[in-house]
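Number of protein chains: 2
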Amino acid sequence: MARTMRKPRRGELTRDRVVATALDCLDRLGLEAFSMREVARAVGVFPTALRWHVPGGRNGLLAEAAALALSGVTPEGDAAKDWRAWLRDLFDRYRAAMRRHPNAAALLGAQLVSNGGVPLALVEGVLTALEAAGYQGDALRDAYNAVIAAMVGFATLEFAPEPAEDRDGWAASLRTHVEASVRDAGRYPTLARNANQVAGQAFVLRWQTGSAAPLDSGFACYVDVFLRGLDAARGSSSKAKTRDVLF
Amino acid sequence: MARTMRKPRRGELTRDRVVATALDCLDRLGLEAFSMREVARAVGVFPTALRWHVPGGRNGLLAEAAALALSGVTPEGDAAKDWRAWLRDLFDRYRAAMRRHPNAAALLGAQLVSNGGVPLALVEGVLTALEAAGYQGDALRDAYNAVIAAMVGFATLEFAPEPAEDRDGWAASLRTHVEASVRDAGRYPTLARNANQVAGQAFVLRWQTGSAAPLDSGFACYVDVFLRGLDAARGSSSKAKTRDVLF
DNA sequence: ACCTGAACACCGTTCAAGT
DNA sequence: ACCTGAACACCGTTCAAGT
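Residue numbers (the working numbering), protein chains in the order written: chain A, 1215 to 1461; chain B, 1215 to 1461.
None of these hints come from the bench; they were simulated from the model.
Ideal Cβ placement from N, Cα and C applies to all residues, glycine included.
Certain hints may be false.
The calculated lysine to any residue pairs, modelled on SDA-like cross-linking and capped at a C-alpha distance of 20 Å, are [as the list claims (entries may be wrong)]:
1. A:K1295 x A:E1338
2. A:K1295 x A:A1335
3. A:K1295 x B:P1403
4. A:K1295 x B:R1407
5. B:K1295 x A:R1407
Some residues of chain B that are not near chain A, with every Cβ distance over 10 Å (derived) [unchecked claim]:
6. M1250
7. H1267
8. L1282
9. R1298
10. A1357
11. D1445
Away from chain A, derived, C-beta distances all over 12 Å, residues of chain B [what the hints assert, rightly or not]:
12. T1228
13. A1234
14. R1251
15. R1255
16. T1262
With these hints in hand, go ahead and build the complete structure from the sequences.
Pasting the structure below:
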């Protein structure tokens, strides 16, 4: 499976070294400013040389960097034993990984597949947990999709990047705008009633990304809601019901 | 509030017209290939002229296009009357909007704010629904964050774009890779047992985006799980509990 | 107020050439 | 096998100039 079976001598340019420094560049520069030329500079080589190690070009390299950021998120424990704990662990680990690599969040949040190897252990784990929870067949697949989307969803939004240029000015003007609208009791009574809990601490109403101002309790609620929902929705999908009737 | 109070004569270049054609370009070209120069071409003007109408540059224009794609998602009904129905409607409308503008999904899925006006009606509605559901104070804020993340999460992943170049070759090779791994009963027994339900129809294991192969039943399950969870988690946040004890 | 036009610095990628 | 080096087509943005 390994693409190259060579001894990687010290100081040599490896595919792995390219991917690692790519993730490093992504962390430093952000997704927009990330460039092949910068990666090449970082590893001390001409831009075009990268292509030999990473044929996928910029997108391929980003995909591999994202996959690297994802390494270690799959819990080691047995998913069948305590499926709730396993899934909760998975959610926590995914968010923690995105916390370490916030600029990879948008990448993983909107990608068909991590291009450099499908994370099959993760898939297997989720399926095992959901089977233990009582899901099977089409309902299992649907629940699996729900879990993956949920795992990815919160962190993607939480770590969404601030605009690159004039961050402070942008934050200041957005802040005053939000703090004004949020007290418009005439048009938005519920919002006004909860202005203090919400301004600067809620999606769409905040002016800092999750790296600077984490949404810990929001995430805790999110996971709670989702796990309880998985419990409650078990065996109640409309399709499953009609099938049970038919057979 | 409106930025310009002018009569927009026929054929004139308006800010709105620029944003509308920008969304059009985004739909046609995708996020990566989207360029100011192409938008300028489409409206028949020099690239630098756009900057007069849209000072935000490329990112600003994209943000406004995304906001336009989002118009009409907030349900008109009373969120306090039947909060479950209202939220379900919201989820459906958001996904439908992203179905119409798949390339805007990634944009909205990873953005702090839609830059050209915060969607306050949506915020107000969600807060009202959650208050009706029994959430208040910090727990209300947390639940709000959970709802927004959930609303955005599924569609962002479902409509994640396929690679721009060599789509067919990519799909074919990924397909064979997935179909092989998925039957590796030794390493992934649960996966192998559910290979038929899952291959090509589940996140990370599919080779088509949601525009070509919608994940309808997965989305239905997702919404179901989340709404049931909101029901069950009500008034059970750890903080709320300790507060109830203290006072 | 609204748009043209040239110029700048920076991209990703291709392709030939070196060793 | 692995990397250099030049070249190409395309960017977003700035800034002066037109009307």
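(request) Any hints from earlier that this structure breaks? Give me their numbers in increasing order, please. (result) 10 and 11
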